[in-house]
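Single-letter residue listing:
Number of protein chains: 2
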Amino acid sequence: MTSTDVSTYVGELARNARAAARSVAILSTSVKDGVLIAIADGLLSASAALQEANQTDLKAAEDAGLSSALIDRLTLSDTRIEKMAQAVREVAALRDPVGEVIDGTVRPNGLKIERVRVPIGVVGFIYESRPNVTADAAALCLKSGNAVILRGGKEAIQSNLAIHRIVAEALESNDVDPCCVQMVNTPDRAVVDGLLQADEFVDVIIPRGGEGLIRAVVEKATMPVIKHYKGVCHVYVDAKADPGMAETICMNAKTQRPGVCNAMETLLVHESIAASFLPRIAAQLREAGVDLHGCPRACALVSDMAEASEENWSEEYLELVLDVRVVDSLEQAIDHIATYGSAHTDAIVTTDINAAQRFLDEVDSSTVLVNASTRFSDGGEFGLGAEIGISTDKLHARGPMGLTELTTYKWVVRGSGQIRV
Amino acid sequence: MTSTDVSTYVGELARNARAAARSVAILSTSVKDGVLIAIADGLLSASAALQEANQTDLKAAEDAGLSSALIDRLTLSDTRIEKMAQAVREVAALRDPVGEVIDGTVRPNGLKIERVRVPIGVVGFIYESRPNVTADAAALCLKSGNAVILRGGKEAIQSNLAIHRIVAEALESNDVDPCCVQMVNTPDRAVVDGLLQADEFVDVIIPRGGEGLIRAVVEKATMPVIKHYKGVCHVYVDAKADPGMAETICMNAKTQRPGVCNAMETLLVHESIAASFLPRIAAQLREAGVDLHGCPRACALVSDMAEASEENWSEEYLELVLDVRVVDSLEQAIDHIATYGSAHTDAIVTTDINAAQRFLDEVDSSTVLVNASTRFSDGGEFGLGAEIGISTDKLHARGPMGLTELTTYKWVVRGSGQIRV
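Note that the protein sequences, when read in sequence, are chains L and D.
The numbering of the first sequence is the working numbering, which starts it at 1 and goes up by one.
The numbering of the second sequence is the working numbering, which starts it at 1 and goes up by one.
This is chain L alone, in the form it adopts within the complex (with noise of 0.2 Å):
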């Protein structure tokens, strides 16, 4: 595409986006569930079609050498699909956010005062993920009334538009706006680069991939942007820690499902604790596969560990290596979550009141969790339903991000002449 067609391009979309915002906003909860449910029954019977789409990404991610991990995470199946339009249907069940009242009040003047919630309004959405996500983070945003852009991974990209038309399709089917779900349909960087200029028109950016792809997106983005960088995510077995139990934690954090987010990337051990417990657990962690680097008191502990260096701590492995260090105490732990942690997700392991509080309370991260695994840290372990991301900032959306998360509030004042004097 020319420069100029970038910004044509880039120009209607954010504008179609804006329009159909207001609209969409102001949808009943049965007009979107209804949507919805259009949408889970047309990734059904259209099966066939997605396959066959899915068919022309999966013969260029071959011809272009993806590994087969990625190839399989880029597959469609019958199973994929029908757990596609499942997860649809369980967000048309969520309680639809928009227009409930967060609090309200009446002032003596008799002004009554409500904060009532709303849709953001345009959602850019950029991701590089599986090709359900479209479908999921089509169906957030229009349950929770924004309108979305979405822009997913190149590898997928017939994949996605197939689920797009779909989607496209339950929107004019129940005379919604087409529009509050838009697709980018090129692979142009250009074009995502624009949307991130785009700031009159798109309220808030959600990007989700690899680290590179987030910062990225942080750097050109004008609008605000809510993500996470990376989990570097840290279990502290205390001195106090049952170590049958620290034992069972540490080994879901780290080897349940490597390749995530809340996933265990460091290992803290309290010294009084550390003979004991760190041989026995190396050697649990090593028969299922896992590398070992350590502190050089944890060193000492475990044979042929290679030692930490400096960047490791900081390190997101999302694979079986795990970082072990020995700690002289739980305020050395948590200094060593805030010097190095990414704010992700800690848990402590503990039966002291005193110390779970104090890790509690003291560490700075979006999750922090007593006895138990890491691995909980998810909008659907939450009980949020579905999420569309895990923020590590601190502004507007901490932690996993549900329906809510993609909604503002507007105060609401109803008056019978009152003025100020």
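The reader is advised that the hints may include incorrect statements.
Copies of the same chain look alike in the list, so a pair counts if it fits in one copy or across any two.
Unchecked claim - Straight-line alpha carbon distances no greater than 20 Å define the calculated EDC-like cross-link-like pairs of lysine to aspartate or glutamate that follow:
| id | residue 1 | residue 2 |
| --- | --- | --- |
| 1 | Lys220 | Glu200 |
| 2 | Lys220 | Asp199 |
| 3 | Lys112 | Asp361 |
| 4 | Lys112 | Asp352 |
| 5 | Lys220 | Glu128 |
| 6 | Lys240 | Asp335 |
By construction, these hints were calculated from the structure, which means they are not laboratory data.
As the structure is a prediction and not an experimental result, all values here were calculated from the model.
Given chain L, work out where chain D should sit, using these hints.
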């Protein structure tokens, strides 16, 4: 200052604030309130010294030829210092938002999940207002458990530094890290620019002042900014308005305090009521010294009214000037506000319940009112206590911002050994 000096100074401010944030976040309410009472007492007992420092600013302002209005705003008198102390005491009396459990649930697996309110961390507050804002901002940030870096206008620098000395003494005498409240001690703009790049240490910037200041801050800041550029507030007098109520509200919204962001800048009148309403309100407004601009239809109804230019409709006058437009319909009023407004505060005057609800639903502003003056859009009037500012942004905080808006939340999860399956 040389650029090395600037970066050393900014680095110190930012690092000190980050370290202080960790300690102020976990202070008990009674310690924080003790500091606030000590600040209030300190302001009163140092009244003479404050007025002496203020004299230096006033002398410089006179030499610089500042307007008498600006000099008046800058002046500290006994009464104003008493009011400043009283405002700090009122913040002490507000409920501490830190630690509030926003919501919570027990999951089927027994995990107890809470969202707990916590401080944001480090707030950068950049302002050009009266010196009392220094004490207000320090008090609000301290009470909400945040560290703050204050940077006031250069006209008030000696007054601000004198107020800050009292704050610092109150912190020290209560054994609280004095770096909880730091003040930039130089008018050098390079220091502000440096702070706006210190996103590793400063979590949010809140600017307060003219549109020029705020645009400069937004342009340079690499961290989130909560702000409003301006208040182009509308009153829409509907076909079914009570004319007497409409007059009272319009007069109050325009003339009670024209220099503030929630004063009316544009009056929209439905065509069916314009012929009777407009000439009367125009006469009253003119009697109060208001200069009127109008659309052609309004000009046809009011003698000697200048025609409003296209630019006028989006101007924030902050003085006794008003634009007047006759609209065909409620829809046209809503469209006008969407096109020219600033999403700050807009009001409808009507007895028609349907018109009222449509206005409340469809006007996408931080505050929308029915049958009340726009002047009520204010933290104090809404019952928040003191306000740190007003936001027309959609993320995090919208409208008047009190203590709660200076906080975020964390997810606190308590388990008994749960792992994810």
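So, going through the hints one by one against the coordinates:
For the identical chains of this complex, lysine 220 and glutamate 200 are neighbours both inside a copy (15 Å) and across copies (18 Å), given an alpha-carbon limit of 20 Å. Taking identical chains as interchangeable, the C-alpha atoms of lysine 220 and aspartate 199 lie at most 20 Å apart whether they share a chain (11 Å) or sit on different chains (16 Å). With identical chains, the CA atoms of lysine 112 and aspartate 361 are at most 20 Å apart between copies only, with a shortest distance of 16 Å across copies and 36 Å within one. For the homomeric pair lysine 112 and aspartate 352, the shortest alpha-carbon distance between copies (17 Å) is at most 20 Å, but the shortest distance inside one copy (47 Å) is not.
For a Cα distance limit of 20 Å, the shortest separation of lysine 220 from glutamate 128 inside one copy, 17 Å, qualifies, whereas the shortest one across copies, 30 Å, does not. In the homo-oligomer, the alpha carbons of lysine 240 and aspartate 335 lie at most 20 Å apart inside one protomer (19 Å), although the nearest pairing across protomers, at 64 Å, exceeds that limit.
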